[in-house]
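Asks: Sequence:
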Amino acid sequence: MSLSKIAVNKPVTTAMLMLVILLLGGISLARLPLDLMPDIEIPVVIVTTSYSGVGPHEMENLVTRPIEDTVATVSDLEAVTSVSSQGSSMVMARFDFGTDMDFAALEMREKVDMARGRLPDGATSPMVMKLDPNAMPVVMLSLSNGADLFELQTLAEDTIQPRLERISGVASVSIIGDYTNEIEIKVDQQQLNAYGIGIDQLTQVISASNMNMPGGTVERGAEKLTIRTMGEFETVEEIGELPITLPSGSIIRLKDVAAVEVIQKEISTISRTNSQNGIGIQIQKQSGTNTVQVANSIDREVEKLRAEHPEFELITIMNQAEYIQDSITSVAKNAVVGGLLAVLVLYVFLRNIGSTLIIATALPISIIATFVLLYFNGITLNMMTLGGLALGVGMLVDNAIVVLENIYRYRSEGHSRKDAAIEGAKEVSMAVSASTLTTIAVFMPIIFVGGITSILFGEFAMTVALSLAASLLVALTLIPMLCSKILKVETAVVGKPTEGMKPKKKRRFPGFYEAFDRGFEALEQTYKKALGWGLRHRKSTVLLAILIFVGSVSSVFFVGVEFMPSADQGEISINVTLPTGSQLYETDDVLKQIEALIEPLEEIEITSTTVGGGGGLGGGLMGSSENQGSMTVMLLGLSERSRSDVEVADEIRDLAKDIAGAEISVSTADGMAMGGSPIEIKVKGDDLTVLEGITDDFRRSIRQVEGTRDVETSFTEGIPELQIHINKYEASTYGLTTAQVANAVRSFAFGNTVSQFRESGDETDIVIRGEESIRQDLANLEQLSIQTPMGGTVPLNQVADIHITQGPTAINREDQQRLATVTSDISGRDLVSVTRDIEALLVEYEMPEGYLYEIGGENEQLEETFADLILAVVLAVVLVYMIMASQFESLMHPFTIIMSVPLAFSGGLLALFITGRTLNVTAFIGLLMLAGIVINNGIVLVDYINTLRSSGKERSEAIQIAGPVRLRPILMTTLTTTLAMVPLALGIGEGAEMQAPMATTVIGGLLLSTVLTLLVTPVIYTLMDDFSAAVKRKLKGKDKTAISSQKLG
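If you read the sequence shown in the numbering used here, its first letter stands for residue 6, the second for the next number, and so on.
Careful, some of the hints might be misleading.
[Said to hold, decoys possible] When the alpha-carbon atoms are kept at most 35 Å apart in a straight line, the in silico DSBU-like pairs for lysine-lysine are as follows:
| id | residue 1 | residue 2 |
| --- | --- | --- |
| 1 | K309 | K270 |
| 2 | K260 | K270 |
| 3 | K689 | K662 |
| 4 | K229 | K116 |
| 5 | K493 | K10 |
| 6 | K338 | K490 |
| 7 | K1037 | K544 |
| 8 | K689 | K116 |
| 9 | K423 | K493 |
| 10 | K260 | K191 |
| 11 | K116 | K544 |
| 12 | K958 | K10 |
| 13 | K191 | K733 |
| 14 | K493 | K15 |
| 15 | K534 | K431 |
| 16 | K493 | K597 |
| 17 | K533 | K15 |
| 18 | K431 | K490 |
| 19 | K493 | K534 |
| 20 | K423 | K15 |
| 21 | K10 | K431 |
| 22 | K1037 | K958 |
| 23 | K662 | K191 |
| 24 | K493 | K533 |
| 25 | K260 | K662 |
| 26 | K958 | K533 |
Hints listed in this document are in silico derivations from the structure and should not be mistaken for laboratory results.
Based on the sequences and whatever the hints tell you, model everything.
Replies: The following block contains the structure:
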């Protein structure tokens, strides 16, 4: 018993099943977590190690290389890169996509543990951690009141930070600002020398005097008392009264040799919002939590904090939830508009409210059923899954159209409603099942092909496949059941054979429908003539199709190629780097200039400035620098501005180009970027000087290439440093060790934190240091008096040699070779064209022996991803062929239908050329979709031809009947699919740029292939049929010859 017969015979059961789907779908939709993109696990593990006071060269040899040697033995490793800088080492292990990163991190920890014995004693234990994209802030806040920044810091640390950290799903809250106090003990060196004591003695006395110590317990009768020795400072004045014992035995007070006062700690970071100084607050969510839900919870808590502290201004600079919700809403609106357009097409063709509503029910039920399947598969509602639904809206009614059209035809021939519903659905059940399976089949390779393609588009493919499966179920159950109850056919045509669904009675808009009927009849007559001509001139028809194919495909040479389409997220990043050694206030001055220059721009909503950090992964792990700063510029929503983020960024770049003494880069945020620069040239070799020369040459050459922007090398100006080399022999004659000299220099020149002063739960650092004159003049430092154990003093330059040097800021390595890079952004041209021009330039460069270069960046990812997608297309075509061969029980007929696939590809490429869009990964996914969509028309057509031939019709007659009969449903399914994608193809709204190339490709390919399929497929069918018959005759002739030979024998 067929599925449709069960549904028609049990209408109540069928209705209840659909209601259950609707109920579960509503619950699932409410519980589906929202996110911008699928959960992507970046296959990178990082090992960080510190070794205080050690330069880049020593870090490379003593720390980085031993760790690299060990890490290189980890399985599934793709590459190992490292950065060795002043006192810090970072080794990054990159794995293949799809690697189990929990296991990889565990194996890394085991390997690194083995390398610890090879590290120097002064190095910290290496820290191993996975690179987590969730470490990026989901919400950024700014706290300001235009007055006391130290009060703001206290409010942020004591009130706001703990309140936000208590929110479910929040991982951490970081405070950006350094507005705190410290207790400074400024030592008078002359007084120390006069009393014959050293700064080390003061340090030891202060540290030993400021503590509370437990002392065990003591009994008092039956009571046991805890003993505590109380010695912590209770007031700042008490520190100055601290007794110091002199070598002579007499006692002085600390205030006799040092000034004790509370001062503002030297600022190392400045945070500013809309040109107003303040405190920055960044909130990270926990891995695996719902971004929108967490961000909304943060918003509610922030509103409470604003109400409780109206005297402060707490501004939301960035909230990922807003862009996610706007993007998802935009795609959902496009899906709704597309669905309405599809229903409108149905009504225009059917001209019957009942028939239209029957088919229209397939749309919401299929979508809601998909929500159930997404929920139970643990898939989030994101741009990919919702984009899959939006792109599939038009396809979800295709099966219903074919089933209803056939039921209508049976009903018009005089069958009862029930019989027409059962037999009509049964007749096309194999065809619609096969067409659905072929469409689903093209998405399966995406899920299993691996790599970044599978990670990014796996959920997209799964969503489309699940929704199509749901639409097939609805088409074979609900549609026949509803047709058996409410489908009406005009009485004038009941009992008369019909060539399709052609309602005769027109109720509304008679003028429009008369014109539509005349137009469609003219189209039908033209199609009949063209089909007849094609069957009579088969060679000419095939040649014409080939010419159209070649002409369309040639447009690919004029279509740009890039990795991912850029999305306007309304966020611009400005990074500023001054010469190494520049001070914080100099970097701040440059950023203030930029703030003043961009203030008049109408598109800007908020600016957030951070001075004292370069930002990014490297800046976060390797420390910040006073010569670096960054600014985040948040723009108004797309509907509130007339220019794109790229256009605004170009103007900012133009405004800032005349600021002297700083490197300024301006870029737009891109949620689809997979990290790294669009263009990256890696140069490998041993000598840093040679590498620097090569990269400088490359930078000059690449700047000449049209479309390049912000071309930079990995080499920066070396760090100027003062190196103090202790003469151990001279020092020992005065009874001094290297550690004693180093501690004295650090204490006098920089200062040492010797203890903490606790008051009301707050801790304030107690810092001991020398006078300002020591830090302001090198000659004073050279004459710094070092206290000897014998009670005398000796000048620093008598026990040490002092040199000013300059070395590299960092040494980069990849795969255990030294590495230098040249990076560039692109503007105005596509990635592949720019890369091709750069390759042509660099191939002429004569590389020194032992040095090599390779081009990486997004281009490398593009090549890997396109290779995966080409494999996916090949697998998809093979799967489609297998499904059709099974349906038709023929090895030849599937070739007839598959011939429409290259025609569809050519149409897709032509559409990209006409619209000016690039061929990128999403457009390639559109081509893959075409492989499954366009053959549906061929399946429906060929299936009906075979049915007519089985009933006794001659081949040519069967084709000439089947073509016009299937013309209407083919046009209906094509128009519903294409019109449903039009809103997405227009790329209107937040985040719509992702689906636009995909929708454009499908629309162009489907329109061209439909026209050619209606004409070319019947011709190919006859050619294949003739070929098959010739093969059979030849085989039959061989069999007869063999039999005759046997008889003669």
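Asks: Between K1037 and K958, is the straight-line Cα distance small enough, at 35 Å or below?
Replies: Roughly 21 Å separates the two Cα atoms, so the pair holds.
Asks: Given the hinted pair K116 and K544, is their alpha-carbon gap at most 35 Å?
Replies: The given pair, whose Cα atoms are some 67 Å apart, is violated under the 35 Å limit.
Asks: Assess, step by step, whether the Cα of K10 is no farther than 35 Å from the Cα of K431, and give holds or violated.
Replies: holds (8 Å)
Asks: Sort out whether K534 lies within 35 Å of K493, counting only the CA atoms.
Replies: With Cα atoms ~32 Å apart, K493 and K534 stay inside 35 Å; holds.
Asks: Please verify whether K534 and K431 have alpha carbons no more than 35 Å apart.
Replies: Holds, because 32 Å separates the two Cα atoms, which is no more than 35 Å.
Asks: Would the hint linking K958 and K10 be met if the CA-CA limit is 35 Å?
Replies: holds (28 Å)
Asks: Within 35 Å, alpha carbon to alpha carbon, are K958 and K533?
Replies: Cα-Cα ~18 Å, so holds.
Asks: Sort out whether K490 lies within 35 Å of K431, counting only the CA atoms.
Replies: holds (17 Å)
Asks: Going straight from one Cα to the other, do K260 and K662 come out at no more than 35 Å?
Replies: Given that 35 Å is the threshold and the Cα spacing comes to 53 Å, the pair is violated.
Asks: Does K689 pair with K116 here, judged by a C-alpha cut-off of 35 Å?
Replies: Distance of about 26 Å is within 35 Å: holds.
Asks: Keeping to a limit of 35 Å between CA atoms, is the pair of K309 and K270 held or broken?
Replies: OK: K309 and K270 at ~31 Å, within 35 Å.
Asks: Holds or violated: K493 and K533, Cα atoms, limit 35 Å.
Replies: Holds, at roughly 29 Å.
In terms of the numbered hints stated before, the structure departs from hints 4, 11, 16, 17, 23 and 25, listed from lowest to highest.
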